[in-house]
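Given chain A, work out where chains B and C should sit, using these hints.
So the sequences go chain by chain: A, B and C.
If you're matching positions, the first sequence starts at 4 in our numbering and goes up one per residue.
If you're matching positions, the second sequence starts at 9 in our numbering and goes up one per residue.
If you're matching positions, the third sequence starts at 5 in our numbering and goes up one per residue.
Any given hint could turn out to be false.
[As the list claims (entries may be wrong)] No farther apart than 27 angstroms at their CA atoms in a straight line, the calculated lysine-lysine pairs in the DSS-like style are these:
1) C:Lys-49 x A:Lys-98
2) A:Lys-166 x B:Lys-52
3) A:Lys-98 x B:Lys-45
4) A:Lys-34 x B:Lys-52
5) A:Lys-18 x B:Lys-61
No lab work stands behind these hints, which were simulated from the structure alone.
Okay, here's what each chain looks like letter by letter:
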Amino acid sequence: MHKQRTNAIVTLYHKLGSPPSFYRISGYFLKWLLLLSIGLLIWGLYEGLVLAPADYQQGDSFRIIYVHVPAAWMSMFVYGIMGLCGIIAIIWRMKVAEAVMMASAPIGAWFTVIALVTGSLWGKPMWGTWWEWDARMTSELILLFLYIGIMATYSAFSEDSRKAARMAALIAVVGIFNVVIIHFSVKWWSSIHQGTTVSLMGESHITWDMLRPLLIMAFATKFYYGYSMLKRARIYLLETESHKRWVQDTVNESNNGDKS
Amino acid sequence: MNEFFNMGGYAFYVWSSIGLFLGAMVIDFIGLSMKEKTVKRNIKSWMRRKLNK
Amino acid sequence: MNPFLALVKRDLTLGLRRKSQIYQPLVFQLLVVTMFPLGLGSGAKTLALIAPAVIWILALLASLLTLDQIFKNDYDDGSVESYVLTSYPLPLSVMAKVLAHWLLTGLPLVLFSPIIAVLLHLPSSSYGVLMLSLLIGTPIFSFMGSIGSALTMSLKHGGLLLTILVMPLLTPVLIFGASAVVESSLGNSATQPLLLLSGLLVLSFTLVPFASAAAIKINLE
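Chain A with its partners taken away, still in its complex shape:
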């Protein structure tokens, strides 16, 4: 019994590890991930923008939280996934892990940009400036540089995609350690040099009516990340394995599908 179960897990691991089955299995999920994320987005935005009560201190401007915080969470979540895949890519040289890592970078960078710009749009009415060097915003900005560095490394070695991906993986793994150190050092720095800036998240008590849309939006962004990452990973595998048989079969299949 026990042996059978481990076998099933090992089989799943091997299946997900081989590009053709990853391509096939991920194909089943794409549509559902997209539909789920759109549905949750509409529900979460409706609750957040219409139903949730205005904050007693910040008024309606606090509603930016429903896009700012999910984006900021995603920027860190995606980086964590990239670091994990980077470790797998370096140690076990798993091609699918490389694909997932490189597919995560653009969407993670997008979320980081969204977090930065919406933070700035929130800061203007709250702090009176578009940009404040507070700990969160500063570490978010440095996170964006790390994302850019990973993508730049990959494109610098673009003649050899496997080497490029492993180089980028190394940067992602080194970055994981550094993100923690950077975060704490920036926090330490802002506590010394800044006195107290008003935190965007405020001291104000957040009620369940305000929190629920936030959680819904957090799930919506996770599902959208799932969609975008899988789709990009599939394109990545098609591109980098274009000389292989399964890619040619897949492309022909989709061609027939379009015609019928």
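For chains B and C alone, coordinates are given in the frame of chain A:
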């Protein structure tokens, strides 16, 4: 309704945040669909050239 | 002779033959420092106020000028492959390369820093802390730079990529280093930032050689 769009005087900040958020996702989505099409087309034309050789 | 010392000695002899690598970063520092009072146009007070930050940022930039050289020349003449092929552990060879690089470029920056400090009107009471913080901080530049150099050594124009990769990783060093100098120029104790800076040095000393070794191996595949 007007009150909803006014967002208590913070309309610009709130709506441009939401717009950016949704806009980024729409751009990402459209870009991905277009990229998938071009990649598949490229592979197909590459296969055709190989067959003709 | 011990392979570690042999490698350090070889790099030092080679480095001392190429003197431009040693004095050009210092000239660069001096040039940029000249631009500051001219650009600011204001008196000694503003200069002294920004001096800690300027000195540290200059040290960072001057190090970045030479970081790509850690492995670049060895890659071009093929000796990087010999580090991988010999039985001597690659992380230790990396450490020897980093040590030699720091002796050639980092140490001069430390010794030169009082001159920059005089030009920027830093209170003379904080010269000690300035040099100590640079003494702890500049080796971290060389260590982190070795990762970037190992990654970019096979590229023709890898300098800018190296800067983009390494600079975000060096922000903690800048934060602790500059604030040690700020604290001491205000008459406060600089122990806490200096200790944190030393912590970073210990971390990079123990972990970075392995990362650089991995980067070299991937790059030679």
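Status of the hints after comparison with the structure:
1. At most 27 angstroms may separate the alpha-carbon atoms for a hinted pair to count; Lys-49 of chain C and Lys-98 of chain A exceed this at roughly 58 angstroms.
2. A distance of roughly 26 angstroms separates the Cα atoms of Lys-166 of chain A and Lys-52 of chain B; the hinted pair therefore holds under the 27 angstroms criterion.
3. For the hint linking Lys-98 of chain A to Lys-45 of chain B, the alpha-carbon distance of about 23 angstroms falls within 27 angstroms, and the restraint holds.
4. Distance check on the hinted pair: Lys-34 of chain A and Lys-52 of chain B sit about 24 angstroms apart at the alpha-carbon level, within 27 angstroms; holds.
5. For the given pair, Lys-18 of chain A sits about 35 angstroms from Lys-61 of chain B by alpha-carbon distance, which is inconsistent with the 27 angstroms threshold.
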